[in-house]
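Trainee: Sequence:
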Amino acid sequence: MNFISAKAMPSKELDSAVRRMTLALDSVQAAHQETSLRPDDPYYALIEKGFFEVAPLIAAQENKSDWHIRFYDKVRKKLKFDSRSWDMVSADSRKVAYRLLYGMRAAVEEILLQSGEDRFVSTMFVQNETSATPSVTILGITVHSGDLLVSRGGAEVSAFISRGNDYPGNFSHVAMIYVDKESHTPYLIEAHIEKGVAIATLEDYLKDTKLRFMVMRPRADLAQIKANPMLPHEASLHILDESQSRHIPYDFKMDYYDASAMFCSEVGSYAYKRFGIDLWAFESTISSNGIMEWLNDFGVEHFVTQMPSDLEYDPMLSVVAEWRNKEALFQDHLDNAVMDALIARANAGEKLDYHIWMLPIARVVKGYSIMLNTIGKEGIVPEGMGAVTALKNTDFVNRFQKCKALTMLKTKAFEEENKYVPPYWQMVRFAEETTSD
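Letter 179 of the sequence shown, counting from 1, is numbered 178 in numbering that gives the first Met the number 0, and no numbers are missing.
No wet-lab data here; the hints were simulated from the structure.
If you're wondering where the values come from, they're calculated on a predicted model, not measured in any experiment.
Heads up, a few of these hints could be off.
Pairwise CB distance ranges (calculated) [as the list claims (entries may be wrong)]:
1) ARG19 x GLU300: 47 to 57 Å
2) MET229 x TRP356: 56 to 66 Å
3) PHE119 x GLU12: 17 to 27 Å
4) ARG118 x GLU415: 16 to 26 Å
5) SER26 x ARG245: 55 to 65 Å
Straight-line distance between alpha carbons at most 27 Å, and here's what the computed DSS-like set of lysine-lysine pairs gives [claimed, not checked]:
6) LYS11 x LYS63
7) LYS11 x LYS418
8) LYS411 x LYS401
9) LYS411 x LYS63
10) LYS194 x LYS206
11) LYS94 x LYS76
12) LYS365 x LYS350
13) LYS365 x LYS376
14) LYS252 x LYS376
15) LYS209 x LYS194
16) LYS73 x LYS63
17) LYS48 x LYS76
18) LYS63 x LYS418
19) LYS401 x LYS209
20) LYS272 x LYS180
21) LYS409 x LYS325
22) LYS225 x LYS76
23) LYS76 x LYS63
24) LYS6 x LYS411
25) LYS206 x LYS180
26) LYS365 x LYS401
27) LYS376 x LYS206
We put the CB at the ideal spot given by N, CA and C, even for glycine.
Model the full assembly from the supplied sequences, consistent with the hints where possible.
Mentor: Encoded structure:
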């Protein structure tokens with residue numbers, strides 16, 4: 000049954016159907032909770048099918064419970080536990096983890112977007128992973144020194160980073176947190192396109208747009224952590240000290256083997272690798288010709304790399320909690336829809352371009368930016384980005400903003416006519432219509 004049919008049902012009949020379906024899923028989940036399963040176990044396919052069948056009905060309910068959130072978190076915890084013994088390089092394991100973690104999140108968020116503010120759940124607490132390191136509270140979540148904070152930024156390129164992957168995801172940025180043992184002051188170490196690896200206060204970190212935010216922590220039962228419970232703190236201190244002792248430019252090439260420059264994922268990966276923990280259990284791959292060409296226009300040369308969204312599937316890490324608010328979630332979905340439509344155009348052969356007469360101006364601006372970089376200031380054109388790349392980036396931003404504005408108009412018209420927020424697939428269709436006009 001789809002969402003429209005469910006909305007037309009009498010409330011009591013709909014509630015009864017939801018109750019029957021959720022009880023059946025709860026029974027399946029409980030029966031397998033204590034058993035470690037392989038990725039090909041029928042349990043996972045059964046859970047996926049059942050959850051996607053009941054999700055549209057829950058979205059249509061006037062009075063929703065939080066069952067969908069609690070159930071998703073149970074399945075997420077179980078899959079993360081089971082995957083400790085999986086070969087995550089295997090395509091089968093990867094697909095099961097992706098379909099359940101990414102797919103069920105997508106269904107939960109469709110329900111959340113159909114919920115009123117009083118029914119919207121901003122914070123999902125998943126796994127209270129034990130940690131011996133100093134802590135601080137961020138957005139209502141206890142975060143420990145050495146945790147990895149995975150987020151989604153609001154910039155156009157953030158949408159590209161999260162979606163431009165063989166497994167499109169929800170996240171575009173990774174930061175590592177260091178918490179001082181004495182003062183409990185937090186510092187965020189992160190790589191920025193504009194200035195390379197830098198240290199931010201919590202206030203500055205939260206000032207940057209966060210459409211979503213997830214806390215990940217190394218498992219307490221890892222041999223390395225059991226031998227040294229303060230390892231995450233020491234790893235974060237190491238990258239903090241290194242970022243203060245040398246300038247680390249942004250790595251546009253996305254080469255995580257070369258630490259002379261770093262992109263955001265590389266900050267955490269590099270820090271933990273120095274202490275014997277190799278994160279990203281499998282490499283991220285980008286094989287679509289259109290995505291590769293557009294990313295290459297931004298300076299990317301390595302298409303087997305470490306993407307922020309893929310960190311979620313690493314069995315060495317636990318998902319501690321996840322945060323979003325309703326307005327930010329809507330913007331996240333809108334940006335994703337626009338980016339998916341633009342990626343379709345890239346895969347159809349469209350190129351990023353620029354006006355040749357703008358090149359001399361861009362070169363002058365780049366020269367001025369280099370001068371600013373030499374005195375420790377940010378330039379208009381980021382360090383490591385050439386004039387041509389900057390112009391192609393401008394073309395990308397303009398395409399994105401044009402498509403987004405038109406998609407937003409169609410989305411609002413749909414909402415006014417139908418009295419509900421269009422689902423993600425409908426937003427993608429709107430975005431594709433605007434790019435084909």
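Trainee: Now tell me, hint by hint, if it's right for this structure.
Mentor: Hint by hint, here is what the structure shows:
1. ARG19 x GLU300: 47 to 57 Å: holds (54 Å)
2. MET229 x TRP356: 56 to 66 Å: holds (58 Å)
3. PHE119 x GLU12: 17 to 27 Å: holds (25 Å)
4. ARG118 x GLU415: 16 to 26 Å: Cβ of ARG118 to Cβ of GLU415: about 22 Å, so the range 16 to 26 Å holds.
5. SER26 x ARG245: 55 to 65 Å: holds (57 Å)
6. LYS11 x LYS63: Holds, at about 13 Å.
7. LYS11 x LYS418: Holds: LYS11 and LYS418 sit about 21 Å apart, inside 27 Å.
8. LYS411 x LYS401: Answer holds: LYS411 to LYS401 is near 16 Å, not above 27 Å.
9. LYS411 x LYS63: At roughly 24 Å apart (the allowed maximum being 27 Å), LYS63 and LYS411 satisfy the hint.
10. LYS194 x LYS206: With a Cα-Cα distance of about 16 Å, the restraint between LYS194 and LYS206 holds, given a limit of 27 Å.
11. LYS94 x LYS76: holds (17 Å)
12. LYS365 x LYS350: holds (23 Å)
13. LYS365 x LYS376: holds (13 Å)
14. LYS252 x LYS376: At roughly 22 Å apart (the allowed maximum being 27 Å), LYS376 and LYS252 satisfy the hint.
15. LYS209 x LYS194: holds (19 Å)
16. LYS73 x LYS63: holds (18 Å)
17. LYS48 x LYS76: holds (18 Å)
18. LYS63 x LYS418: Given that 27 Å is the threshold and the Cα spacing comes to 18 Å, the pair holds.
19. LYS401 x LYS209: Holds, at roughly 22 Å.
20. LYS272 x LYS180: holds (22 Å)
21. LYS409 x LYS325: holds (19 Å)
22. LYS225 x LYS76: holds (21 Å)
23. LYS76 x LYS63: Cα-Cα ~23 Å, so holds.
24. LYS6 x LYS411: holds (20 Å)
25. LYS206 x LYS180: holds (24 Å)
26. LYS365 x LYS401: holds (26 Å)
27. LYS376 x LYS206: At roughly 20 Å apart (the allowed maximum being 27 Å), LYS206 and LYS376 satisfy the hint.
Checked against the numbered hints listed earlier, the structure breaks none of them; every hint is satisfied.
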